[in-house]
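S.K.: Mind docking chains B and C on chain A? Use the hints.
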Amino acid sequence: MASLRLDDIVIHQGQHRLLSLDTTVAPGEVLTVMGPSGVGKSTLLAFIAGFLSPAFEAQGCVLLDATRIDTLPAEQRHVGLLFQDPLLFPHLDVAGNLAFGMVREGTRRQRRARIHDALSSVGLEAFAGRDPATLSGGQKARVALLRVLLSKPRAMLLDEPFSKLDAERRGEIRHWVFERVRDHRLPTLMVTHDEADAQAAGGRILRLTERDTVMGPTDKEERA
Amino acid sequence: MTFSRGVLVAVLSLLPTMGQAYELSDWDSVTAAARGQTVYWNAWGGDPRTNAYIDWVAEEVDERYGIDLEHVKVSDTAAAVTRVVAEKAAGNEDRGAVDLIWLNGENFATMKENDLLYGPWAEQLPHFPLTAPNQNPEVREDFTLPVEGYEAPWGRAQITFYYDSARVDEPPRSIPALLDWAKAHPGRFTYPQPPAFLGTTFLKQALLALTEHREALYAPVGEADFESVTAPLWAYLDRLHPYLWREGERFPAGGPRMRQLMGDGALSLAFTFTPSAPAAAVLDYQLPPTTRSYILDDGTLGNVHFVAIPFNAQHKAGALTVANFLLSPEAQARKQDLSLWGDATVLDMSRLSPEQREAFARDGRAAESLPPSSLGETLREPHPSWIAPLEEAWRQRYGAQ
Amino acid sequence: MTAGVAYRLVVGVLPWLTIALLSVPVVAGVLGALAPAFGWLPVLGGERLTLAPWRQLFAVPGIVDMARLSLVTGLVSAALSLGLVVLFLGSFLHTPLYRRIQRWLSPLLAVPHAAAAIGLAFLLAPSGWVVRGLSPWATGWAYPPDYAFPGDAWGLSLILGLVVKEVPFLLLMSLAALVQCQARERLSVARSLGYRPLTAFLKGVMPGLYPLLRLPLYAVIAFATSTVDVAMILGPTTPPPLAVAVVGWLNDPTLSMRFMASAGAMLQLLLTLTALLIWWTLERLVARVSRGWCRDGRRQCGDRWLAGMAWLAMRTVLGLMMAALAGLALWSVAGYWPFPAFLPWPPIAHNWLNAADDLVAPVWQSLGVALAATLVSVVLVLGALESETQRRRPMRPWAQLILYLPLLVPSVAFLFGLVMMQAQMGVRPGLGAVIIGHAVFVLPYVFLSLAESYRRLDPRWSQQARSLGAGPWRVFWRVRLPLLLTPLLTAAAVGFAVSIGQYLPTILLGAGRVVTVTTEAVSLASGGDRRLTAIYALLQLLLPALGFMLAMLVPRYVFRRRRDLLPGTD
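Chains as they are written, first to last, in numbering that gives the first Met the number 0: chain A, 0 to 223; chain B, 0 to 400; chain C, 0 to 569.
FYI, nobody ran anything at the bench for these hints, they're computed from the structure.
Each hint should be verified, as a subset may be incorrect.
One-sided and incomplete, this derived list gives chain C residues near chain A with beta-carbon spacing under 8 angstroms [as the list claims (entries may be wrong)]:
| no. | residue |
| --- | --- |
| 1 | Arg-465 |
| 2 | Gly-468 |
| 3 | Leu-482 |
| 4 | Leu-564 |
Some chain A residues flagged as far from chain C (calculated, every beta-carbon gap over 12 angstroms) [stated by the list, open to error]:
| no. | residue |
| --- | --- |
| 5 | Thr-22 |
| 6 | Pro-89 |
| 7 | Asp-92 |
| 8 | Gly-122 |
| 9 | Ala-143 |
| 10 | Glu-167 |
| 11 | Glu-171 |
| 12 | Gln-198 |
Cβ atoms here follow ideal geometry from the backbone N, Cα and C, with glycine treated the same way.
The following block holds chain A by itself, in its conformation from the complex:
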């Protein structure tokens, strides 16, 4: 499995240098990004996923193993994305949502079987034809992750994925997500406000400050 390399990334907002970063996320590693709002956590994810707003300017490369992906259109980067909202398409049923991101390989029956297997793995096999609006928060979160996994991503970006879940469900879902990420050996970047998330992720923690932020080999020089 691939590792995610962020090579000398510098993001500017106008004249203001928002952040610079150089690091590699290993397969199955969850790198947690923390810091107050406005320091560019989500901007970083947007850049990696391919949605950087024209208000920002970025230099550097994003590589999946040896393949440079930051020059590719978003849909060809194979970078899975989970927001704090599950964002299940409200016009499709649960199976439709899962099918949306699936790679078109195999027969229709095989794909349907894969969807069924995925749903069974989380005990939601009876929910294939359901309107996503009728699912509970936890169920939605599970379907959202299944959808991303079925699209066969090579890396994962989590943008405060658990912040809207109620406290009792949170730990359980969190545990389940990290487990899946590790199972699939996906290099993962997680943005969060929650220390507990960071602890549960168990990987490196990158703390962005209000000022220019650096990490990696160039870390110390830049900060000095």
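M.R.: What follows is chains B and C alone, placed relative to chain A:
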């Protein structure tokens, strides 16, 4: 610009011409060329009965000559004239959007003076002799202007007064009597605002009745002393207006609006240019069943209305064929049938066979309409050059428009 | 990759097509009327520049009255409409009454001007329903009274007719603007500081709301100063408002009148600009005067009294509209209906049966033109909005202005020139030209209806879809379009309704060959048969109503098992 237009003409002339060529002298060549053409007939579309009649014509010419006749309903014939003008301005010489146009009087004069008409052709129509033009000179004369074959007669109109017999016992039978009647029934009569066609016609009717120089009206206005000829008219109107609807400060926009006011009961007396219109309106619930029609004792204005073909009409053969069909005894008889339209024929009965005459006798005349015997004397239309000065003088005196 | 390139190409081109559709006809049309206004029209012998048409124009008796009438009715109706809308919003924003009325806005907006005017005229005429209701028991009138309304010299009936139509338009425009200027938040702050609702609205929300309403208001003023169909039905006749006179001159058989008509069209343009300038000046003045008032700290300003007035006025406006439409329905089934009978009895089907055959063609043509113009507009608007979304940049002010161009330039001022251009370019008059002509007027409304929903759509939906591997087309068709189906269909229904109501472009660009229910209604309005006129006016209503019904029912059906997308569950 000139260059590009030249190129355009050159290119167009290379294209195969639409339809075949025809010779007016060889009528079969006209109908042959007409087959398959779509004829756009611009005709006033404000009357459902007229529209229904034109629909019937469209069915007939489709069946008989393979012509697709499209009724372009205009609310004012001048709009169609405007379009031909715009086309001429743009150098459109043979792809005109108007193929046939229903008009008379001022619109005809305008088009003829500006060379916007195709012709002469009307007297070559096979059915034209049925009008017996030598006995009926009015089919060769449009508001005193010689037609010279640039339009074909289609129907006749005559000013006809109508009133609600439930509210009026004895309607006025002359223009002077109208003033006395209006004094006795203030607010219950009016006339459409010139330059609305019917309004101008009322001015002419009153002028003919009042002036001492009637013959001057049949020559161009430039040859007469406009002030002295029209002075009695303005004196009359000055006295009449205070007793009109809205005290003569407002006028209905046209004949149909005046009919509507009759239907509302706001007016008790009104007039129309279509003798059959009041009866038709009763059938359509627009006027009270107690409506009655009559003609002034000294006669009222009458005229012939025509169809013409613009110089740049794209489907002239089709238009010619339709114009000829409109003059056929069958089409004319149907047009005169009061239960259908009720527009008087321009054909001379003496030229028809007994069977053909028979068709004209069929008549759904109702009590509301004019009894045939009461058709009074028809006054000829004045020279069209009088219209604009009359309208202008009226506007200066009474109106802002 | 090629799909992506194609997408970028399409999204790059459509905004320019949109701009071209909105601006080229207007600019070319104005130029086409400008030359004859200074005597240049070679075919009529006008080959040198002269001021003669202007001298002729200013010699027309009553020309000053015409201009003043247009100016006054335009400004007064705009001011009344704005006042009513502001007082109503201020007093009733976020109340159940407001929500109830909000639901009626789009359908009310869909009532074509001509139909509303015809209905109002039926209602208020001396022989109209109101007088019939009071006669003869209260008034003693056995004959209709002889007063001039509609068509009074002051233009009061015209103003009323305009207000009735402009109030729903401004209300609808406010809906989006209120969200944009964060009215809810501003209101709660002001209310928590002890301001009464209306005062809170006037002092806290208006300063933010007004700039967003400015262009719609200018469109209202431009329309009101230059309306032809409403003025023909409700306006005075001696003299009529300028625009009506100009159309009359255009149709005058005396060809030389065409020069004067062109000058008149230019005068109309100047007049509308003058009206806008006057309004702008007043705007400044009010802004300056009210600055102190906003800060004086007084927590109320006759709130209760003004709220009562707003309630009454809004009820009157909506009530008039409803009664007018009911009157239309009655006339369509009336036999001979003598004054002062209150109801036409017995109702008859004769009018409908008689008209049935003639209705078929106009209904089909109306549908065809409206569907095509709406389709063209929707495609262009979607392209423009997609492009805006792609560049993630709000619309520039000049683009906003172009959007309003066809609404700000009086249509009489550019349509005559357009007919000249159409002939010049060899464009055949007919369906094609009419569809494009309609689209010029339809597009701004479609854009205005759709833009807010489009911009508010969470960008994360597309991001989520693209991160799942969907290309830009797939994201558009499978995600954005379904999510926007309801507002899209509503915008289409609005556009459809606008197209159904068009008169001048249909008649001029179609050379009279394109017959719609609206051209029939107006041409019959000159034919005077109230029954038939009512039938066509009702059809003018029914077709847009059908559109709105579909716009409402289709999402309900398609999303019947999708709770989050069912309308009315937000």
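S.K.: Look at each hint and say if it fits the structure.
M.R.: Going down the list of hints, with the structure as the test:
1. Arg-465: At about 4 angstroms, which falls below the 8 angstroms cut-off, the nearest Cβ of chain A leaves the hint on Arg-465/C intact, so it holds.
2. Gly-468: For Gly-468/C, the interface hint holds, since the closest Cβ of chain A sits about 5 angstroms away, which is under 8 angstroms.
3. Leu-482: holds, 7 angstroms
4. Leu-564: holds, 5 angstroms
5. Thr-22: Per Cβ check, Thr-22/A is outside 12 angstroms of chain C; nearest 21 angstroms; holds.
6. Pro-89: At roughly 4 angstroms from the nearest Cβ of chain C, Pro-89/A sits no farther out than 12 angstroms, so the non-interface label is violated.
7. Asp-92: Its Cβ does come within 12 angstroms of chain C, the nearest being 8 angstroms, so this is violated.
8. Gly-122: About 22 angstroms separates Gly-122/A from the closest Cβ of chain C, which puts it past 12 angstroms; holds.
9. Ala-143: Contrary to the label, Ala-143/A does not stay out of reach of chain C, its closest Cβ about 9 angstroms off (not over 12 angstroms).
10. Glu-167: Given that every Cβ of chain C is farther than 12 angstroms from that of Glu-167/A, nearest at about 24 angstroms, it holds.
11. Glu-171: Fine: 23 angstroms to the nearest Cβ keeps Glu-171/A off the interface.
12. Gln-198: Its Cβ never comes within 12 angstroms of chain C, the nearest being 27 angstroms, so this holds.
Against the hints set out earlier in the document, violations occur for numbers 6, 7, 9.
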